[in-house]
Amino acid sequence: MTSALVVDAALALLVLGLALWVISTRAAYSAVVGFVAYGLLMAIVWVRLAAVDVAMTEAALGTGLTGLLLLGAAARLAPYEAAEVSSRPGRGLRMLIGLLCAAIALGLAAVVLMLPDPAPTLALLVAENLPPTGVGNPVTGVLLAHRAIDTLLESVVLIPALIGVWSVAADPAWGGRPGSLPRPQSGSALTLLAQVLPPFGILIGIHLVWNGADDPGGKFQGATVLAAMWILVLIAGLREPPAVRDQRLRVLLVIGALVFIGIGVAGIWLADAFLAYPEGYAKPLILAIEAVLTLSIALTLGLLLAGPPANDHRSGGRS
Amino acid sequence: MNLALDILTIVAVSLGAIFFLAGTVGLLRFPDTLTRLHALTKADNLGLGLVVLGLLPQVSAPLAALGLLAVWLLALLSGATVGQLLAGTASAPDQDRAETPARHAGASHD
Amino acid sequence: MDSSSLLVSPFTSLIELGGLLLVIPLMLPVIGLLLALMLGGRFLGRFMLLLLLLGLIAALAVATAVLTGGDALLYHLGGWAPPLGVALKADGLSAILLLVSAVVILAVGIYAQRDFRVPPGAPETRASLVFWMLLMGVWAGLNAAFLGQDLFTLFVALELLTFSAVPLVALDGRAETLAAALRYLLFALLGSVLYLLGAVLFYGTYATLDIALLAERIAGAPSLPPPIVAAAALMTVGLLAKTALFPLHLWLPPAHAGAPPAASAILSALVVKASFFLILRIWFDVLPGALNPMTAQILGALGAGAILFGNLIALRQARLKLLIAYSTVAQIGYLFLIFPLAASAESLALTGGMLQVVSHACAKAAMFMAAGLLAGTLGHDRIRDLGGSIRVLPITVLAFGLAGLSLIGIQPSGGYLTKTLLTAAVDGTGQWWWGLVMQAGGLLTAAYLFWVLGHALSGPPSGQVVARPGRAQELVVLALALAALLLGLLPPALFDLVGVGRAGLDASAAVSTAMAGAFGWSKLWGDVWPILVVGLLVLGMLPWPDRQANASERLAATTSSVTGHWAAALGAILERADRGLRKWPVAGLSLLVLALALAAAIATGS
Amino acid sequence: MNGPTLFGLCGAALVGLGLYGLICQPGALRKILAFNLIGSGVFLLFGVIAKRGGGALSAAGLGVDGDPVPQALIITGLVVAFAATSIAVALLLRLAEISGRSTLERAGSGSHSPTHERAPAPERAA
Amino acid sequence: MTEFLLGAAAFVLGTVALGLIRLLRGPGHADRMLAAQLLGTGGVAALLLLGVATGVGAIVEVALLLALLAAFASVAFVSGIHRPDGLGTASGTEHAAPGSSDENKRDTP
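Protein chains in written order, with our numbering: chain A, 1 to 319; chain B, 1 to 110; chain C, 1 to 606; chain D, 1 to 126; chain E, 1 to 109.
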């Protein structure tokens, strides 16, 4: 097992080095590039920790979507960056804060070493209680049956987040199309990529959702891939983002959570509890919820990236 | 037979690893962005291809083998596109304008 | 019993649902949030009002069920019992908070009908859709935080709350409010991530996140394991950051003062209470035995600091909304006095604390909305230029004053009852210094209220009326203020609610002992005369009509002659200290120091 | 020393680094990045706990590798963190757009102080 | 064979980590992104090696996702890098904010 440990040590060092880079480098843009690389490595770390579902989410969200969001922001903020240095805290204060942060990190490290051994776990309990849910992937079972409320609330949380993003729009622009994405590029390579990649991506996304019931994968991962493909098409200028006032868009955004709640409420009569599934129907219901949620989440994630509504024509700028 | 496949794996994976090394060296030693870009896209795509080739005999399920190939194809496709896009940026007529803020930021850091 | 059947009868069918009843307050706002996006449009406000009414009925039903049943309502979501599943629970504290949120949000909903209506001709406006949706989001987050029994579900609830509250701050889209919202968001995110870290350590030690199971397992351990010590410190500090307890209050004044009045009311009255409630949950439900004297004294000291500091800074504010925001900083402090007092007088302290939550929620919502009406009518909220506003907005100024009486703690307000109970607890524990802080806090509160009211009452109207407020708006503000003022007259039996679901807490007995002889003329006089003295002092500093011409010189002269140079100097020093403390790196430093200090305090006690 | 412990220590260090960045970096975008680092460190700790829990079981020959409950919670947490990041970025971009600054504090003068509004406004002296 | 594959994974990771020096040195954003891209490809290779070595089939899917989204991030980078200069767009009106985008202009006021 020594070479496995070498891999782990290399990964841990790389992750720490990149984190240090992200914190300490001067230009925000370089820090963001470092953060994208960091996300990539974290995906590998998750694989090393036997958390393949998490690795997929990290690869899709941490590297892909967060990367686009932050790279775009860094590019747009670059003109203002030089002014930041002047409001940096003084050296003494920084050193004091650094010392305290180090103390907290050391304390945490000590706590990590003092965690009980053998570790307490719910893995066994989940395994025992997986059959009634009808799914084979325990993570999916936990997300959609045992702790369905977290997943429900979490898909709901995305809606206020989206409203928060939309809320910074200028009043006259309300109702229009989101305007934060990079302008369409005329480069043929991008157009080609935006034509070739999405079919692959959509296939992978659907595969992830469909397979997520029994193998690693699931709606978040699938939805993220779909969102990324959609954004790619938008960046290439092949499609326009939908207007915020669009009624169909709004229905699609909330339909996932509403269906989830609807099935949950039906569970009160059919299975004696809110968010319970009637015996024997658990798996099809879970798959149905996942399918609709994937659609809503993919749209929401895409729109979170697309930013607040701007004046109707995207290249028209906003005043 | 098994031994032959294992040897194929070892050879291909080792070669792939060496290509990665070559790509890294190229990235570090070549003088400007454009040459680094060309060195990198060739080396890492070949490296990944060789690794995939080496791993193919080690997986039993045909679906897994397909997955491996798909990974490589995807990397090839995106590598080529991104390479072209980056090259377009680097060699655009108004390159100076494009690169100025970057250079400034980088220079002030070094 | 006749009275109890009268109480129950309207809700019989709801109460029969048992634990399932809890799903209604949990899901109603969520459904409202989702439908609001789908429907949008001109009549959103009316539709939301309907949901708010339904929510109030559900909250009333929960409170009735908890009170008459005498035990907490418990529900296992999906039929999965913890540790695998997630439980909902409404004990007395949850029921009270559900109810007060429903009442305050309904009041705000009525108030906001006018502010956020869609002008004729427009299909929908940004402000209207965003406000109503996020109001639902806040409500959903609050209810989930009050009902959740799982530390991670509570984390998601907190995030739902934060994501909904932050954009409300920046609703008007000015640069200052955007900066305030961003500052609020980033500090709140720091708080939530520390909270999550604590939850992770809990899971790593006991493999469950359920509050009841954790309490059981921790009670069974001989001493607190180190990860739990760290978890308690991190979660407490994270939640303190979200509650904006001094000295972590950097984000609160600009955020609460910059938001539209309806949003300020919600943020100040309710949102900060959710994270406070989780601190209560952690210390009284998860770790009931671990609150050692040193930890309790630290929390109490921060509370005392908040009371003194917040009130003093409030006194120096020139803008009404900022004054009210700093008053919130101070009022949060009272909530943390219950930690040192709970050691030997748990029922008194907890009941007092809950009363403070309720009365402050009503009073502060009323004050922010009253300030909103004043600002909307006069076109500004500068205290010095409020002259004569009583003639323009008599009901509003009256409501502001009545709400203020509750904050000062005059009979029969909720604030008075809070003070009585906490003072009884102080007497019981012999920690006289907290009593001193409360007295000083009351007097300072009186000072700034007289300052504002004095300006509002005196002089001719000093400006033109920009717009007339709606009659419904004024009445709803008055109703909330009256609710805060009359809270003390509630039948003592209702205070039983606080003790429901917690062993050995007989709230109403403690309350009735403390209340015996609390109301009466002699007592009232004893409370009122120091306040009158303060009032006279403040009135002496006011620019009266006959001296209007050179009011500011007079003011400077009186200030220097009556209270002396040292007061002005002290004020300036405090203000600088506040500005320093509210700098981001300094606040971050305070947070780190607090985390380490709390960890040390918890560790030494265990 | 084994892999999970190594990553656990790494997670602790990430929390410390992120805290430092969040507190000391003046730029708001850098603070957002630092918040993501802290979050990632916390998730990493949670992942280590999941792995340890699974390890104890697989040592007992049960063939379970990792506790699915923390893994599910991490996935939820990652999505929530992304939502938080997107709100923060939207607020920040708008702030920069209309005021030309990308920091929480005004450069030089320290925090935005309410006392700026204390100056009496005499234009209403009717 | 497992040991060999793990060793190869460690080697590839180490090599691409070396490439991160380019991240430190820059000098341009494009060079930094190249380093990140090398890390992406190398990471995918390392993942595949790890997946086969440990026999977890689903890791291949992680690699697939990583490859897909690394491409996406690069596109984001390439389209993002134009923006401070308004390159590739007809109008640069979006950045009419103070100081515009030009380094030199910013110093004058």
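Since the hints were made in silico from the structure, they are not lab data. For every residue, glycine included, the Cβ atom is placed at its ideal position computed from N, Cα and C. Treat the hints with care, as some may be off.
[As the list claims (entries may be wrong)] Chain B side only, calculated, beta carbon under 8 angstroms to chain A, not exhaustive:
1. Asn2
2. Leu3
3. Leu76
4. Leu77
5. Gln84
[What the hints assert, rightly or not] Cβ pair distances, simulated, as ranges:
6. B:Ile18 x A:Ala9: 21 to 27 angstroms
7. C:Leu436 x A:Met95: 46 to 52 angstroms
8. B:Leu73 x A:Leu125: 40 to 46 angstroms
9. A:Leu192 x B:Ile10: 32 to 38 angstroms
10. C:Arg174 x A:His207: 29 to 35 angstroms
11. C:Ser522 x A:Met95: 18 to 24 angstroms
12. A:Ile206 x B:Phe30: 38 to 44 angstroms
[As the list claims (entries may be wrong)] Covered stretches of chain A (chain D as the covering partner; in silico rule of three or more C-beta atoms under 8 angstroms from a C-beta of chain D):
13. 77-91
14. 100-113
15. 153-164
16. 171-180
17. 230-237
18. 245-259
| What hint numbers does the structure not satisfy? | 1, 2, 3, 7, 10, 11, 16, 17, 18
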